[in-house]
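Chemist: Sequence:
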Amino acid sequence: MPKLTRSSIILLAISSSSSAALTEPLASTANPEVFPEYLGRGRGRREEEREENPYVFHSDSFRTRASSEAGEIRALPNFGEVSELLGGIRKFRVTFIEMKPKTVMLPHYIDATWILYVTRGRGYITYVHQNELVKRKLEEGDVFGVPSGHTFYLVNSDDHNTLRIASLLRPVSTVRGEYQPFYVAGGRNPQTVYSAFSDDVLEAAFNTNVQQLERIFGGHKSGVIIHPNEEQIREMIRKRGFSAGSMSAPEHPKPFNLRNQKPDFENENGRFTIAGPQNYPFLDALDVSVGLADLNPGSMTAPSLNSKSTSIGIVTNGEGRIEMACPHLGQHGWSSPRERGDQDITYQRVWSKLRTGSVYIVPAGHPITEIASTNSRLQILWFDLNTRGNERQFLAGKNNVLNTLEREIRQLSFNVPRGEEIEEVLQAQKDQVILRGPQRRSRDEARSSS
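Going letter by letter, the sequence shown gives residues -20 to -1, 1 to 430 in mature numbering (1 follows the signal peptide of the UniProt record, and there is no 0).
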């Protein structure tokens, strides 16, 4: 079995009704009849479900960074400012980009390393590297990276489909995880970086007069994402060679498509694929991997934890729910180890409904499971952070850690009079990694007994 590097998760639930949803929003939220467990049939020491969850963030937590009739860019706030529990990933930011058909995002650069994943649609990206244009086609499922400080622009040349991109950014200018765009083209909206310089400096730099500079840099006011005319789109594609499928700078990395790869794991319940530094070297410097999970209706991931990594998960299609065990939440909210003794530790069940556009994060060491609804597949993109040396361990399934321990220590630890009963429970599950979920298991057992 291949090595698994998938990380842990905290939950950021973002409503898909927002215009920044990553795919077409679903007509309704998860059906409570599909998930009666929402009513709290858990076996943990704390049965109540928390309405105010420090790990959950809805669409109103996003901040609009740029918006126009042609599209928008939105970002989650700095994780460290949201909660102390998220301080470990404060250097990373999550953004969504949405570009309507036949649109262009103006050239600019950001003070952050940028990893993008195309969740819907197709388009083109061009960026400047050492005075050379690097041009790449983008399709649904592509992973691609742009170094910080490199001027780029995006094009959605499709006649009908919106281009949607989920992004992970790691800012390089500040330790607080803040990042900023720097526009080299525009005018009044967006304002360009040239506006900060004095007239005489610009006249000397461009060897021209200020009147010409004002006409060039003061005219645009249509926003960051714009609708060019048909002729401009055709000429842009023709001159750049995109129509012939060519790419400039072949020595530079090409997009890595997660959807077209052989899965790292697959069974009748679902599959997942991982892109790491071995597939896409750009990820190595960030110590990040990118994965895509596809759970069949009624399936679930086996409860598991990551020893070192933290994951940021984004639902690209479908609906379901997530459950996580968290030791940091007390009956009245977050509590630090100083406020409670080790003997008083309890594990709070943290759960959230998932649907298209939901985002969730899970810290290292926190056991997590994702469960697909019985009426739709659940597709999840995840970014794994701090992956070097990480090991994923499963707490259920054929390959669970308890089966690896010695028989004697299992019997001693559980203090069950009939030791064989422990072995019966641990050996009953024949699947691993991706399992039948609660409803599907009950349905299958009812059919087999009838």
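A portion of the hints provided could be inaccurate.
DMTMM-like, lysine to aspartate or glutamate: derived pairs with alpha carbons at most 25 Å apart [as the list claims (entries may be wrong)]:
#	residue 1	residue 2
1	K288	E248
2	K115	E210
3	K201	D179
4	K115	E211
The calculated label-pair distances, taken between Cβ atoms and stated as ranges, are [stated by the list, open to error]:
#	residue 1	residue 2	range
5	S429	K234	49 to 55 Å
6	E404	D91	53 to 59 Å
7	I217	E248	23 to 29 Å
8	R390	D91	49 to 55 Å
9	H109	E386	50 to 56 Å
10	E158	S393	30 to 36 Å
11	V152	S175	34 to 40 Å
12	E158	E388	51 to 57 Å
13	Q241	R390	36 to 42 Å
Keep in mind the hints are simulated off the structure, nothing from the lab. The model shown is predicted, which means the values in this text are computed figures rather than measured ones. Where is the CB? At the ideal position from N, CA and C, for every residue including glycine.
Chemist: Now tell me, hint by hint, if it's right for this structure.
Modeler: Going through the hints against the structure:
Simply put, K288 and E248 have alpha-carbon atoms about 29 Å apart, too far for the 25 Å limit, and the pair is violated. The hinted pair formed by K115 and E210 meets the criterion: a straight-line CA distance of about 21 Å does not exceed 25 Å. Restraint check: the Cα-Cα separation between K201 and D179 comes to about 20 Å, which is no more than 25 Å; the hinted pair holds. For the given pair, K115 sits about 20 Å from E211 by alpha-carbon distance, which is consistent with the 25 Å threshold.
The beta-carbon spacing between S429 and K234, approximately 53 Å, falls within the hinted interval of 49 to 55 Å. Taken as a hint, the range 53 to 59 Å holds for the pair E404 and D91, whose Cβ atoms sit roughly 57 Å apart. Take I217 and E248: their Cβ atoms lie about 43 Å apart, and the range 23 to 29 Å is violated. Between R390 and D91 the beta carbons are some 52 Å apart, a value that agrees with the proposed interval 49 to 55 Å.
The beta-carbon spacing between H109 and E386, approximately 55 Å, falls within the hinted interval of 50 to 56 Å. Our hint of 30 to 36 Å for E158 and S393 is violated, since their Cβ atoms are close to 47 Å apart. Roughly 23 Å separates the CB atoms of V152 and S175, a value that falls outside the hinted 34 to 40 Å. In this structure the hint that E158 and E388 lie 51 to 57 Å apart at CB holds, the actual value being about 54 Å.
Range check, Q241 to R390: about 38 Å between beta-carbon atoms, so the 36 to 42 Å window is met.
This entry does not satisfy hints 1, 7, 10, 11, going by the numbered hints stated previously.
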